[in-house]
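Q: Order-wise, the sequence lines are chains A and B. To convert, note that position 143 of the first sequence is 145 in the working numbering; the numbers rise steadily by one, no gaps. To convert, note that position 108 of the second sequence is 110 in the working numbering; the numbers rise steadily by one, no gaps.
Treat the hints loosely; a few may be bogus.
If chains are identical, the list can't say which one is meant, so a pair holds when it fits in one copy or spans any two.
Here are the computed lysine-lysine pairs in the DSS-like style, where the Cα-Cα straight-line distance is at most 25 angstroms [said to hold, decoys possible]: (1) Lys-136 x Lys-75; (2) Lys-103 x Lys-117; (3) Lys-133 x Lys-75; (4) Lys-5 x Lys-103.
No lab work stands behind these hints, which were simulated from the structure alone.
There are 2 protein chains.
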Amino acid sequence: MRKLKFVTTNPNKFLEAANFLAEIELERVDRAYTEVQADTLNEVVKHGLRELADQGFENFFIEDAGLFIHSLKGFPGVYSAYVNRTIGCNGILKLAGNNRKAEFRSVVGLYLDKKINLFEGVCEGEISGEKRGKSGFGYDPIFIPENETKTFAEMEIKEKNSYSHRARALVKIFSYLNPG
Amino acid sequence: MRKLKFVTTNPNKFLEAANFLAEIELERVDRAYTEVQADTLNEVVKHGLRELADQGFENFFIEDAGLFIHSLKGFPGVYSAYVNRTIGCNGILKLAGNNRKAEFRSVVGLYLDKKINLFEGVCEGEISGEKRGKSGFGYDPIFIPENETKTFAEMEIKEKNSYSHRARALVKIFSYLNPG
Numbered sequence: 003m004r005k006l007k008f009v010t011t012n013p014n015k016f017l018e019a020a021n022f023l024a025e026i027e028l029e030r031v032d033r034a035y036t037e038v039q040a041d042t043l044n045e046v047v048k049h050g051l052r053e054l055a056d057q058g059f060e061n062f063f064i065e066d067a068g069l070f071i072h073s074l075k076g077f078p079g080v081y082s083a084y085v086n087r088t089i090g091c092n093g094i095l096k097l098a099g100n101n102r103k104a105e106f107r108s109v110v111g112l113y114l115d116k117k118i119n120l121f122e123g124v125c126e127g128e129i130s131g132e133k134r135g136k137s138g139f140g141y142d143p144i145f146i147p148e149n150e151t152k153t154f155a156e157m158e159i160k161e162k163n164s165y166s167h168r169a170r171a172l173v174k175i176f177s178y179l180n181p182g
Numbered sequence: 003m004r005k006l007k008f009v010t011t012n013p014n015k016f017l018e019a020a021n022f023l024a025e026i027e028l029e030r031v032d033r034a035y036t037e038v039q040a041d042t043l044n045e046v047v048k049h050g051l052r053e054l055a056d057q058g059f060e061n062f063f064i065e066d067a068g069l070f071i072h073s074l075k076g077f078p079g080v081y082s083a084y085v086n087r088t089i090g091c092n093g094i095l096k097l098a099g100n101n102r103k104a105e106f107r108s109v110v111g112l113y114l115d116k117k118i119n120l121f122e123g124v125c126e127g128e129i130s131g132e133k134r135g136k137s138g139f140g141y142d143p144i145f146i147p148e149n150e151t152k153t154f155a156e157m158e159i160k161e162k163n164s165y166s167h168r169a170r171a172l173v174k175i176f177s178y179l180n181p182g
């Protein structure tokens, strides 16, 4: 069985990954890295991977995600965590206009055998009219994935993982590690 | 006369500084540097100074500023530029509730004779009810400094500089360079 470290300060993300990647022995490393202000998750993740690799970490991955609301030019996007800590879901509900289409994006960056690989996952959906549900974290109470009626926060981890951006990025890591 | 470089991609900021620091010969260097995601302007500025110094720049300053709305836990704060590019002044007007107290903060970071010095300027005020004025940039159309009725965007540069966070940080640089 493959062993990998998931470097993240977010216990919820680790839970989702461990649930999804049951065939991989995951170890959580609770360590922060510098997140640059950038227009894309890819840039944030690449910078973080290099910093951790420079510090001697090996065979690990990190993940960055964001909620991108189309009518708001992608806001809150790369800054989703900060926006959530300040104006939160209630602020997003005030800002979302008539066009509520949005997507969650996740980028998982893997540093394995001294090489960087990025894996992207996208989950399209829309912003709900009000907060619903208690599970998950972040914007889960206001995001409804396409072809669903429940928000992410109204789902168990397994159900969320059947849609989620993060699971869609993680499945690519899994295929990469277990080809064929 | 002292010569200093102001490293900024923002021509409006350079104009304000050149207008204010008339006794210093300012040269604009239109160059971007990495801005980290941080909780404070100080951290962003220190990181930028070090990066530019590592690249060989000498005797220069940079500036970072943000609008901090008290009832929104400081949002948009360190991410003011990004928030302005996405939800803009209209988004802020939607978010600002009954308590509209806010402040503009500026941090000027000087790298001179191989030493780092930071200078802070604050301008307290409030978010206006609607956008007014055409001058300035960023959130100027919705920010009214304390003891004023006009927004920053309704003022000429000289008048804005008599209140502004940026001018208040720059005056500290000026005193530092011209003591006594």
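Q: Hint by hint, say whether it matches the structure.
A: To see whether the hints hold, each was checked on the structure:
{"no.": "1", "hint": "Lys-136 x Lys-75", "result": "between (28 angstroms within a copy, 23 angstroms between copies)"}
{"no.": "2", "hint": "Lys-103 x Lys-117", "result": "neither (36 angstroms within a copy, 49 angstroms between copies)"}
{"no.": "3", "hint": "Lys-133 x Lys-75", "result": "both (22 angstroms within a copy, 20 angstroms between copies)"}
{"no.": "4", "hint": "Lys-5 x Lys-103", "result": "neither (38 angstroms within a copy, 51 angstroms between copies)"}
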